[in-house]
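S.K.: One letter stands for each residue in the lines below.
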Amino acid sequence: MVPTRCSDALDRWRMPAYLTPAIDMHAHPPYDRSQTGLMLDAARRVGIERLILCSVGYSDTIPYPPIEEVRRGNDEVLSLIRSHPGFVYGLVYVNPNLPETRDVLGHYLQQPGFVGIKLWISCRDERGRLDPVYPVVEFAIDRNVPVLCHAFYRSGGNLPGELSPTDLAHVAACYPQAKLVMAHLGGQWIQGIRAVKPYPNVWTDISGSRAYMGSVEFAVKELGADRVLYGSDAFMRSFAAMLAKVAAAEIDLSDKRRIVWDNSAALFFGEGVPK
Amino acid sequence: MIVDFGAYLGNWPLYPLPIRDAAGLVGVMDRCGIGAAFVSLVDGAFSLNPRDANERLKSMVAEHAARVLPVGSVDASSPCWREDVVAGIEQVGLAGFRIHPTYQGFALDSNGVVALADTLAMAHRPLFVASFIDEERFQHPAFRVPPVSLDQIAGLIRRAPETTIVLNNLTVEQATALLDMPGISLSNVFMDVNAMDKPFSGLAQLIQHHGSDRLVYGSQVPFLYPEAPLALLQESTVPDDGAKAILEQNWRTSEVLRGLVESVSLT
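Quick mapping for you: the protein sequence lines, in order, are chains A and B. Following the numbering used here, the numbering of the first sequence begins with 1 at its first residue and continues without gaps. Following the numbering used here, the numbering of the second sequence begins with 1 at its first residue and continues without gaps.
FYI, nobody ran anything at the bench for these hints, they're computed from the structure. Ideal placement from N, C-alpha and C gives every residue a C-beta, glycine not left out. Please note that a few of the clues may not be correct.
[What the hints assert, rightly or not] To list a few chain B residues with every Cβ distance to chain A over 10 Å, as calculated:
(1) Pro13
(2) Asp21
(3) Arg56
(4) Met60
(5) Pro182
(6) Leu186
(7) Glu255
[Said to hold, decoys possible] To spell it out: a stretch of chain B is covered by chain A in this simulated footprint if at least three of its residues, at any positions, have a beta carbon under 8 Å from a beta carbon of chain A; those stretches are:
(8) 82-89
(9) 133-146
[As the list claims (entries may be wrong)] Cβ pair distances, simulated, as ranges:
(10) Asp180(B) - Gln110(A): 41 to 51 Å
(11) Gly86(A) - Ala65(B): 50 to 60 Å
(12) Arg159(B) - His170(A): 50 to 60 Å
(13) Ala65(B) - His170(A): 46 to 56 Å
(14) Lys221(A) - Asp240(B): 34 to 44 Å
(15) Arg14(A) - Leu14(B): 30 to 40 Å
(16) Glu68(A) - Arg20(B): 52 to 62 Å
(17) Arg44(A) - Gly211(B): 19 to 29 Å
(18) Gly211(B) - Asp41(A): 20 to 30 Å
(19) Glu173(B) - Glu68(A): 23 to 33 Å
(20) Arg20(B) - Phe87(A): 38 to 48 Å
(21) Gly128(A) - Pro13(B): 26 to 36 Å
(22) Arg20(B) - Gly106(A): 45 to 55 Å
Construct the complete structure from the given sequences, taking the supplied hints into account.
M.R.: Right, here's the structure in full:
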């Protein structure tokens, strides 16, 4: 039947209730601080009960941020954790090329609410090697926290310090006890998912990018639903539009719950019993 | 009724699209409460014989004529474009034409496109312009195509003011820039919202500053989940009346679009 009345449209498709509650394990504080409250409110309204934030720079997305920028970004996340206890959590953002990285990790991971580490695009040294990443991964293993890694297959070549899914697969092979999350399905999602498939210590999140039809199904088919996580990449993207990827995916309802809650609850909060 | 102004059928060279035929498309439309969709053939954008592509599209959607409005392909740089348009409208019954200028290799504000746009205005058919199909950063390394430039979009709008133009896949940034542009009338121009999910609250801010009357729903199914822009319109930052207008009302303000939709949905 064709819906014909005006009200039919909004009544016909709504975000399914089974996606609530959700954990968004990949979001960022907005650079426009006047938007922060609005953003947290939008997250709650779409059914997100835990929001894991990480900075990618306080004032802008700086590929190799100085230590002041790193600290300001993490301080901002810490402030949001404290002002929204039980709702906002954090990942410690580091530029692994900085000599202060170990101190930064130690300091912020001591703070209640930080549940992991975030690596963005400052991962290679001046020779293009991945050496700066290894101590961060070893630190994460020591503290038993996951590392969310921005990793991308980018047409035309990656940014200078940017990991590819191939790089992440290499790190995963070197450190099988590390818990690594490949952000954004690895950019070009088919290649990204395939690259990390052999490594059971790599999860992936569906954040960012456009809502590619079939991408969630492909991730579940190749990796298993236990290795797929919901993240939005807000403020750069919409909470709801990214959550709709899970709603729309033609996968089992139980797999959808794993993606939006169970897997992140286990990985970041050590909660083995599904909610 | 929700109308989708950005749907496709057909084949994509990089991977199999998850919807193979019109029945599959209509199934997804039902899932989302979409009443009708303007649908073009994605491989028609690359066809050396658009007339053949248009006939293929028509045969693909024939059984779903009450829901699917076929949108033809045309190469504005071809000497045959005019006869392809006439045949497409008169013999195939096309509801408009979609062009992908950067994939097809012509400038949007070229004389050929302006003449095409004028022809469509006289035929009471819309011209759909896809800014891009796949994101530049994920394109095949041997087949990299930029989005259509805003200058060219503005150039066409200025030179073809009588044509109903539907712009697919503009970003919030591009749409805002177009709406801010002095000396340009957008009264016959509509923009779909499917690439307006970034940044957070970007669409809401656009609506706050410019209203929603130039915006329509477009899914880019089967490349994208059609639920994503529906969810975007339900995010708390987007006003309900703006969302309703985008989904169901704005297209009705265009005599051309309303006439085409009503011609199928009332049958």
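S.K.: Now, for every hint given, state plainly whether the structure supports it.
M.R.: For each hint, the structure was consulted:
1. Pro13: 13 Å, holds
2. Asp21: Nearest chain A Cβ is 15 Å from Asp21(B), so the label holds.
3. Arg56: Answer for Arg56(B): holds, closest chain A Cβ roughly 22 Å.
4. Met60: 18 Å, holds
5. Pro182: Correct as stated: the minimum Cβ-Cβ distance to chain A is 26 Å, above 10 Å.
6. Leu186: 24 Å, holds
7. Glu255: Holds, because the least Cβ-Cβ distance between Glu255(B) and chain A comes to about 19 Å, which exceeds 10 Å.
8. 82-89: Coverage by chain A is violated for the stretch 82-89 of chain B (0 residues, Cβ < 8 Å).
9. 133-146: Answer holds; 8 residues pass the 8 Å Cβ test.
10. Asp180(B) - Gln110(A): 41 to 51 Å: 48 Å, holds
11. Gly86(A) - Ala65(B): 50 to 60 Å: With a Cβ separation near 54 Å, Gly86(A) and Ala65(B) satisfy 50 to 60 Å, so the hint holds.
12. Arg159(B) - His170(A): 50 to 60 Å: 53 Å, holds
13. Ala65(B) - His170(A): 46 to 56 Å: 53 Å, holds
14. Lys221(A) - Asp240(B): 34 to 44 Å: Because 37 Å falls inside the window, the suggested range holds.
15. Arg14(A) - Leu14(B): 30 to 40 Å: Because 32 Å falls inside the window, the suggested range holds.
16. Glu68(A) - Arg20(B): 52 to 62 Å: This hint holds: roughly 54 Å between Cβ atoms.
17. Arg44(A) - Gly211(B): 19 to 29 Å: 28 Å, holds
18. Gly211(B) - Asp41(A): 20 to 30 Å: 23 Å, holds
19. Glu173(B) - Glu68(A): 23 to 33 Å: 29 Å, holds
20. Arg20(B) - Phe87(A): 38 to 48 Å: Hint holds: Cβ distance 43 Å, inside 38 to 48 Å.
21. Gly128(A) - Pro13(B): 26 to 36 Å: The hint (26 to 36 Å, Cβ to Cβ) holds, given that Gly128(A) and Pro13(B) are roughly 32 Å apart.
22. Arg20(B) - Gly106(A): 45 to 55 Å: 54 Å, holds
Checked against the numbered hints given earlier, the structure breaks only hint 8 and satisfies all the rest.
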